[in-house]
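*Asks:* Residue numbers for the sequence shown follow my numbering, beginning at 12 and rising by one.
Just so you know, these hints were derived from the structure itself, not from any lab. Every clue listed holds true.
Each computed DSS-like pair below joins lysine-lysine, with the alpha-carbon atoms no more than 30 Å apart:
| no. | residue 1 | residue 2 |
| --- | --- | --- |
| 1 | Lys93 | Lys178 |
| 2 | Lys238 | Lys323 |
| 3 | Lys126 | Lys178 |
| 4 | Lys140 | Lys280 |
Using C-beta positions, here's what the derived DEER-type ranges look like:
| no. | residue 1 | residue 2 | range |
| --- | --- | --- | --- |
| 5 | Lys137 | Gly331 | 52 to 62 Å |
| 6 | Gly219 | Thr180 | 14 to 24 Å |
| 7 | Leu430 | Leu57 | 18 to 28 Å |
| 8 | Ala162 | Leu430 | 54 to 64 Å |
| 9 | Gly226 | Arg130 | 25 to 35 Å |
| 10 | Lys93 | Asn150 | 27 to 37 Å |
| 11 | Glu133 | Glu283 | 13 to 23 Å |
| 12 | Lys140 | Phe408 | 39 to 49 Å |
Every residue gets a Cβ at the ideal spot worked out from N, C-alpha and C, and that includes glycine.
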Amino acid sequence: MSVPARSTQEQGEKLRQSPAHREISTGKTNPAASAMMVKEIVLVALGALRANKLRSFLTMLGIVIGVAAVIAMVAIGKGAQKSISERIAGLGTTLLQVRPGARRGFGVATENDEKLTMRDAEALEKRGKFFAAVGPEMNKRLMFQYGSANALTQITAAKPSYLDIRKYTLSVGRFFNDAEEAGMRRVAVVGSAVIENLGLQTPEALLGEYVRVGGLQFEVIGVLASKGQAGPGQNPDDIVVIPLATGRYRLMGTDRLNTIGVLAISEDKIPEAQAEIQSILRREHRLTAEKRDDFDIRNQAEFLNTFAETTKTFTFLLAGIAAVSLLVGGIGIMNIMLVSVTERTREIGVRKALGATRGAILFQFLIEAIVLCLLGGLAGILLGGGGAALLNKLGGFNTAVDPSSVLLAFVFSAGVGILFGVWPARRAASLDPIIALRYE
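Start from the sequences, fold in the hints, and give me the full structure.
*Replies:* So this is what it looks like as structure tokens:
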């Protein structure tokens, strides 16, 4: 960053006539003079940056983009982690799902050869000491029809405890009761996505209406509140819940269960509940000690922790990729500062001839590099935070700006300024004043 000769002479004269310089030249220094000298060096460094505004801006640009990218990427990762955690927690952290085991051939899971039945669910309900509720479920995708509209929807046959086990709430209407379940009544509670698929404007529009499920007529008595998309290909709102006995005897014609939902009495008792499920079902299935379980127990809390770790790793990966641009920006600053040292060789010679010490020259160029990085870091924070907000509002992304990532990006940008500013500053400080004064 070259500074005009007149400006250089004026700065040199100013330094030569300053009280701090007179004290240094006579070998007498005091804290006040040192502080004044530091202030003058900082002012000279800032003046050099102002003299080349366009070059300073272009030099900062790499840091701006790097810091903004780090903050935005971390915000996307944190938002995804928070969203997944909330959705999984919405399914119930104390929920244990028992499913039939898959027969394996050549190390690959094949079609289900084992089964869970109503007898298994009844055994769990009778013998379980650590269970708050047990909910057997039958699932099958069938055609759902209302008027001229129809859609392929998951039909779940369940007990009245389904709402508590699966953490659903009702938007309108009611859920079926024990008497309706035992009497095999043809009543149904539909998910919010079913209302949307049918093109209806409000949930009340379907309440009390008759629909066809798998060819049988059902009365809609309630609509579930939305839980949101759980993942790719999984929509817990695209569901129709009917009484278990109705599904078992009138619609599906089997006693095989797809899932048994078991609600542990508390999160602390989940290990005991899992052990109890395993013990009861092994006894029901008459499995000897050498035989493996023919069922799977899925822990929702473990599922939540796995997703949290996965998204955390993903966030670090995104931040690492974005941090590369910070390094590139630092290299750009070092390159420009080296060019600046070469262009300002005569200015450095004048300053040294007037009594500027090696430390003062080094400090000046280091200040220039740090100021560029800090200004770039501040602009990057504003750009990254604004970009994350725009992605959340306009792009539909779940973003959450993490204060620690903002602090880290800012500190890292200052570190880049120091790291990549030291070499050019040392090069400037080590110039011989005689050679520097002859430089054209």
